[in-house]
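One line per chain: the protein sequences are A and B, in this order.
Once you know that position 254 of the first sequence is 256 in our numbering, the rest is easy, because the numbers rise by one and skip nothing.
Once you know that position 98 of the second sequence is 99 in our numbering, the rest is easy, because the numbers rise by one and skip nothing.
None of these hints come from the bench; they were simulated from the model.
The structure presented is a predicted model; accordingly, all values stated were derived computationally and were not measured.
Yeah, the Cβ is synthetic: ideal placement off N, Cα and C, and Gly gets one too.
One should not assume that every hint holds.
Between beta-carbon pairs, the in silico distance windows are [unchecked claim]:
1. B:E149 <-> A:A121: 23 to 33 Å
2. A:A70 <-> B:F259: 34 to 44 Å
3. A:A89 <-> B:S231: 22 to 32 Å
4. B:I91 <-> A:E110: 18 to 28 Å
5. B:A160 <-> A:R29: 45 to 55 Å
Below, in silico cross-link-like pairs of lysine to aspartate or glutamate (EDC-like), each with a Cα-Cα straight-line distance of 16 Å or less [what the hints assert, rightly or not]:
6. A:K51 <-> B:D76
7. A:K51 <-> A:D31
8. A:K58 <-> B:D235
9. A:K51 <-> B:D235
10. A:K51 <-> A:D32
Chain B side only, calculated, beta carbon under 7 Å to chain A, not exhaustive [to be verified]:
11. R72
12. I135
13. F150
14. L209
15. A212
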Amino acid sequence: MTTPPIQLRDVGYSYGQTPVLESVNLRLDDGDFLGIIGPNAGGKTTLLKIVLGLLKPDSGSVEVFGRAPAENRGVIGYVPQYARFDASFPIDVLDTVRMGRLGVGRRESGRESRAAALALLDRVDLGGMAAEQIGQLSGGQLQRVLIARALASEPRILLLDEPTASVDTRIGRSVYELLGRLSEQMTIVLVSHDIGVISRYVKTIACLNVRLHYHHSRELTDEMVEVAYGCPVDLVAHGHPHRVLPPHDAAGGP
Amino acid sequence: MAAGLLASIASGIVGTFVVARRIASISGGLAHAAFGGIGLGYLLGFPPMAGALAFGLLSAMGIGVVELRLRQGLDTLIAMVWAVGMALGIIFASLAPGATPDLLSYLFGNILFVPPAYLWFTAVLDVFLVVVVIRLYRPLQAVAFDEEFSWVSGVPVAALFLLLLGLTAVTVVVLIRVVGVILVIALLTIPPAIARHWTGGLNRMMLLSMAIGAVCITAGLFVSYGLSASLGLDIPTGPFIILLVASLYVLSAAAHFFVGRRPGV
Numbered sequence: 003m004t005t006p007p008i009q010l011r012d013v014g015y016s017y018g019q020t021p022v023l024e025s026v027n028l029r030l031d032d033g034d035f036l037g038i039i040g041p042n043a044g045g046k047t048t049l050l051k052i053v054l055g056l057l058k059p060d061s062g063s064v065e066v067f068g069r070a071p072a073e074n075r076g077v078i079g080y081v082p083q084y085a086r087f088d089a090s091f092p093i094d095v096l097d098t099v100r101m102g103r104l105g106v107g108r109r110e111s112g113r114e115s116r117a118a119a120l121a122l123l124d125r126v127d128l129g130g131m132a133a134e135q136i137g138q139l140s141g142g143q144l145q146r147v148l149i150a151r152a153l154a155s156e157p158r159i160l161l162l163d164e165p166t167a168s169v170d171t172r173i174g175r176s177v178y179e180l181l182g183r184l185s186e187q188m189t190i191v192l193v194s195h196d197i198g199v200i201s202r203y204v205k206t207i208a209c210l211n212v213r214l215h216y217h218h219s220r221e222l223t224d225e226m227v228e229v230a231y232g233c234p235v236d237l238v239a240h241g242h243p244h245r246v247l248p249p250h251d252a253a254g255g256p
Numbered sequence: 002m003a004a005g006l007l008a009s010i011a012s013g014i015v016g017t018f019v020v021a022r023r024i025a026s027i028s029g030g031l032a033h034a035a036f037g038g039i040g041l042g043y044l045l046g047f048p049p050m051a052g053a054l055a056f057g058l059l060s061a062m063g064i065g066v067v068e069l070r071l072r073q074g075l076d077t078l079i080a081m082v083w084a085v086g087m088a089l090g091i092i093f094a095s096l097a098p099g100a101t102p103d104l105l106s107y108l109f110g111n112i113l114f115v116p117p118a119y120l121w122f123t124a125v126l127d128v129f130l131v132v133v134v135i136r137l138y139r140p141l142q143a144v145a146f147d148e149e150f151s152w153v154s155g156v157p158v159a160a161l162f163l164l165l166l167g168l169t170a171v172t173v174v175v176l177i178r179v180v181g182v183i184l185v186i187a188l189l190t191i192p193p194a195i196a197r198h199w200t201g202g203l204n205r206m207m208l209l210s211m212a213i214g215a216v217c218i219t220a221g222l223f224v225s226y227g228l229s230a231s232l233g234l235d236i237p238t239g240p241f242i243i244l245l246v247a248s249l250y251v252l253s254a255a256a257h258f259f260v261g262r263r264p265g266v
């Protein structure tokens, strides 16, 4: 059996006395495209940072392609929440994307990294924006710049933190179409507090609220949603473009 | 005047990073940390500036390592180093034998009478900074902008962060002797802050802040000299330059507000 891209065993993490993650087990295989949903403060960003190696779990183990994340830097492309950015930082779009080319031991000329970054900007439909200062961009544009930056490192895994938060629906859809195409080449994990983003593009869904509920399927069970959100399933099931819950009469748990 | 021009090159480069990274107060913190070294130099009889350099570098590394380990928030660490350095300087100086050294001369320096050796130090520092920035521009930019992403993609974040702090410490200490503690803080902060109103990239911001620094220092020298001569007063040059560059900031901020070109601060 090949080494899984991501393997978490019994991971726990807490901020002081407050547990954020408890006995999280997760194994992803090549080509997986996992959407993790859960309430705010449910530990989603913390989980991503543990996989990235930015945080060390209090207990349990994390492996990225069989190695500790800190020893495997450059393998994961990271798209952080754009709202947490200092958008007034004096840097333009092209240089932001080129940050992704600075990976471990990469030796390339300025011209090569420019060309690579420009090609990626075309790919995310921002071809004409290379010289813009990042503070001039709309939320959706900045989001795509951050995706291009993550792709610039030619990652084998892509982790996205709330990629469509405060982006309008049309832009959100174009981001998902892009991710759908990318998922043929790499393993993707995205987290969101908004169940609405779980579209037809993700292959599997998990719920995270301190504990992770994952059944390797695209369907959310009533039990998962109730545990994760502590609210009635009907609230999240109706009026949704894609049915992520089984029809009511078929419901009844896994 | 040569001293002023050389000083504006170094402070344009370092100041740009410091302002963009939002740690402008580090120049003040390290400058006052260096005070501890100056005081110790007087007490133990070694060159005060050697003590200043040692204290500045040690404080920079201390701040850097504690921040990387504990993530306390740089502003807190800087404020502590600032106060402790100043306190040590005053205590050491009060214990020093003989006449109490004139710490005030270090506060404002005297740009009109810079020892020739320090002109050379500053010139060497300028060349060194230019070479470092040209070679490491993109990694330094990446770390200043987004440490987490840089780390994830394999950039040696800790080393670059400490390098930036170390360069800041050396720059601050060398410039203390040239322009004084207070003018160092002003030069590292205000010209880059003005440049930030009008540029969207670190490289242009550096060049513009060097130019602003150079123009303000030159103009400050001539105008304060001219005013002093015509009014028969003795207007200190360093503080005059600070007021000049600060007024320029106010004008720039107002213009920027009304023109609204860049989303600066």
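> Out of the numbered hints, which ones does the structure contradict?
Replying inline: 2, 3, 4, 5, 6, 7, 8, 9, 10, 11, 12, 14 and 15
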